[in-house]
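Undergrad: Residues per chain are reported as follows:
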Amino acid sequence: MPGPGLYFLVWLGLIALTALTVIAAGAGLGAYGALTSVSIALAKSVLILMFFMHLKYEKTLIRALLFLPVITIAVIIGLTFFDIGYRY
Amino acid sequence: MTAEEDISFYGSRGRHKGVLSWILSTDHKRIGLLYLTSIFGFFFVAVIFGVLMRLELIAPGRTIMSAQTYNAVFTLHGVIMIFLFIIPGIPASLGNFILPLQIGAKDVAFPRINLMSWWFYISGGTAVLVSLFTGSGPPDTGWTFYVPYSIRTGTNVTLAVFGVFLLGVSSTLTGLNFVTTVHRLRAPGMKWFRMPLFIWSLYATGWVQILATPVLAITLLLLIAERLFGFGFFDPSKGGDPLLFEHLFWIYSHPAVYIMILPAMGAVTEIIPVFARRTIFGYKAIAFSSLAIAAAGYLVWGHHMFTSGMSDISKAVFSFLTFIVAIPSGIKVFNWVASLYKGSIELRSPLLYTVSFIFLFSIGGLTGLVNGALATNIYVHGTYFIVAHFHYTMFGGTAFAFFAALHYWFPKITGRMYREAPAKNALLVLFTGFNILYFPMFILGIEGMPRRYYDYLPQFHRDHLISTIGSWILVAGLIMMFYNLIRSVFKGDTAGDNPWGGSTLEWTTSSPPPHENFKEVPVVTGGPYKFR
Ligand SMILES: [Cu+2]
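Chains as they are written, first to last, in my numbering: chain A, 1 to 88; chain B, 1 to 532.
Misleading hints may appear alongside valid ones.
[As the list claims (entries may be wrong)] In silico lysine-lysine, DSS-like type, Cα no more than 25 Å apart, as pairs:
#1 K238/B x K59/A
#2 K56/A x K191/B
#3 K191/B x K59/A
[As the list claims (entries may be wrong)] Negatives, chain B to chain A, calculated, CB over 10 Å:
#4 K106
#5 A127
#6 F133
#7 G240
#8 D241
#9 L244
#10 F288
#11 G302
#12 T432
#13 L457
These are calculated hints, taken from the structure and not from any lab test.
C-beta atoms are modelled at their ideal positions from N, C-alpha and C, and glycine is treated no differently.
Isolated chain B, as found in the complex:
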């Protein structure tokens, strides 16, 4: 053993010094942390936009901003949250860090492409932020960039859309990298059905990223071409079809919700067996349900277009197909709960965040059925009900699982332990704030409050007020959680290599891991969850 192998990856900085040793590194762990910090940087920008929106809506009429500013704020909130936070989210940050460790590899298959994907990400993010301050005003189309408005508006849509295009390239490259890594770089003995389920979910996600993201990229290029050169892809007066844009957009953006949620599901599947001290219930069912969700996700995009003038037969077909997705999702939820049954449950914060995830995601998922059924969809389409639904799935679902995973892998990434009590208190505040913020939106939606409106009738005032107060509580929870984590990066107690008693490969190496992950290549002889 040489001294080189004893050093953690923070010590082996490669050819460059200082910041360059990070932004030019091809080490998947450094790139994962680059992503993690940049993703949460953008997350906080979008949180500020969200809080400003809620502040504007605290009372009817103008409160703190003009209607045009409000349009820009909700657009940027959506664009940043979707394309810069939640889509790269877990795979690019924790996935990058953990995937090679969990399959016993030294790095991902294409380390340079990995670094390139981060540069695409940062360039795309910068373009989106620059679009705020240049041209004739920030984009005001909503994150979906629907035609014909996105073609006609004078605001800076072209630059923002180009930024999102770059983000799409970044996401595709990450998916390509992960799929190849899983195929090629598994440690000896790591058969397909010995892979941890987080890997299965990243694998399924990788395929969605490869196959769906190019559709978005092409669609956005068509939109740019139409704006700059007046092509008529989507403009009916030139023989185009505005519904074609909606089709193309949702062909990507529905599968994209599985890019967002699948890795989150994978992460909680890692956490549950460890804190229940019990092997996962239904390993193969969970693995295949990841693939099934990824596959079925391609068949349902039309459920975003039920009121757009699509043909009636298509509506019925898309509605039926949408209900099919509930089956693999249900399989996962039941298997998680069954894995907890009769376990020796240790209620540490990763598990508590996970249980919150299951609760909130179930509300989000079940209200999805209301949106997916044709008759009820007509009633709630374009209302706050939809806003509540996707915040329960994306924030209550993906982001809560992200937080759970962040706590779970924190000791592996930093070598230190966060403080347990503040983490639990933060969750309590987060969970309370979350429900106060978003649950009233279900009621507002059923009462008929349309989404994206700047102003509203006095009858909606009470629920909007409650919701805005919830946003303050939620932000307090976020600050508490991140303060605890960031403080613990520097001042936390030393964690040890395997503080949770986990049985997947990442826990067999040191915390933080050395540059090449393992002292010697691990040999795998059994399944991933060796508990009871």
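Only chain A is shown next, with the shape it has when bound in the complex:
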């Protein structure tokens, strides 16, 4: 189990990534701007899930369950947009 030192390091990492988001937003990346900030946000959530929510210390099964909500949302949005795509 991790000590407070590790949590502090992860927190610093999150702050750094936030700073990176701010910098990237001002860098004029155009069409790649959204992609950049979503990727950074993804990296941040992985850090939070792994360390703060202890997924790193769990068995594979519990880690795999993380993907259930992700898949569900993908399916829900996919099938709904599928209809809208053909409706208009």
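With the hints as your guide, set chain B with the ligand onto chain A.
TA: Below, chain B with the ligand without anything else, positioned relative to chain A:
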């Protein structure tokens, strides 16, 4: 062994006295019974609404109530039956009581969240009931709260919808609790494939509750926001999309039918091996079919919207996917029947209720294929055929299985035995009344009688009359059954710890179980159904 361990959970009331020892208890058994009594309290309110509806429909024209009252009555019948009875139904009441016992745990993983879920449930139920008597009239939208009408009607929709939102929170918390409990609190040796199949079904249900219910909660909040602040999520004149509401609503409400039916299927899977004295046929197939039903349930919601103006390609896709659900459902039915084959069948009431369940649920399931096929759906959409179909699945299916499970676990919960003969007589009356009430609705639907109508043409009179008479018989059966059960809580003979000779863990502890369920933590060495 101390005296504390000898006491049943009714004796160890914890820190509080009287009513407080129940409504503030974190014991899963007490919370299960809290749910059981409140769920059946609401059930009877909704039954009364149902009987009033049937009474109004006994003859064409006005009989006992105005059209507006009728709209409110069928709305409240639906809202209460769906959100307050059948969705919490088996998992929150019997599931709460039995799940930790069956996996050899002392309680669920989060006992306080468990209690909190009941408080959410009661608050939500109260809000729905209060919406009847406050504001400008009870809601009249139907239980689906479809836009645009639900946005424009002046009736008390906001409060009722908020009540349902709270019920959704309650249901999500129960699911979260059960999934965590199954992962974390199984007794030593209780491997995944040694779990009783009721646990598998509650586990699959738990995931549906976690993943689908938030969609309903969000949808209802959007509806409230649109009513109160005039946001334009669903209003086309503001750039919204009314079909979006239907999508969002059914994204939850189709998986919700599996929240209703999966635990029922799990319960009958417990009952069949015990009364056939034979191990279950196809354990893994049944376990995986629960997961398959839960998963496939997410892909089919569009079958409620075939006439709503959805795109044709979506209709075809949703129709195809709907047929896939028939496969795991069929696996279950065939496995139940195969488990009975060559068993030493003991026709006690739990098994008789179970067999009625299989019969009625099969009719409900097979007529579902008529609704799921595009061509026939156009014909029966929005008619009494649909009403008959879902009453056969939900009442004939889930509620009959609930009754079966209630009889099956009655001795474990109360320590007493109900009287066998009245239980069988009640089933006979229930089963007869049920079919007289709902079967004519199939015919009415095919003849073109639309659902939710206050009035009808004289040609439909005969079948409506038969149906109303059936409702009286059905209610008589319900009264007989509950009278027998309630009387036996106080006056029944002592049942013993394992009256049915069951082989799952709940039968190894005393009836009723002690506060911490087992004298010592059980060690599991084999599968759940140790018969032949
Ligand atoms: Cu459906």
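Undergrad: Run every hint past the structure and note whether it holds.
TA: Hint check:
1. K238/B x K59/A: violated, 49 Å
2. K56/A x K191/B: holds, 23 Å
3. K191/B x K59/A: holds, 15 Å
4. K106: holds, 22 Å
5. A127: holds, 27 Å
6. F133: It holds; F133/B is separated from chain A by about 37 Å at its closest Cβ, greater than 10 Å.
7. G240: holds, 13 Å
8. D241: For D241/B, whose nearest Cβ neighbour in chain A is about 8 Å away, the distance does not exceed 10 Å, so it is violated.
9. L244: Violated, because the least Cβ-Cβ distance between L244/B and chain A comes to about 8 Å, which does not exceed 10 Å.
10. F288: holds, 16 Å
11. G302: Violated, because the least Cβ-Cβ distance between G302/B and chain A comes to about 7 Å, which does not exceed 10 Å.
12. T432: holds, 42 Å
13. L457: About 35 Å separates L457/B from the closest Cβ of chain A, which puts it past 10 Å; holds.
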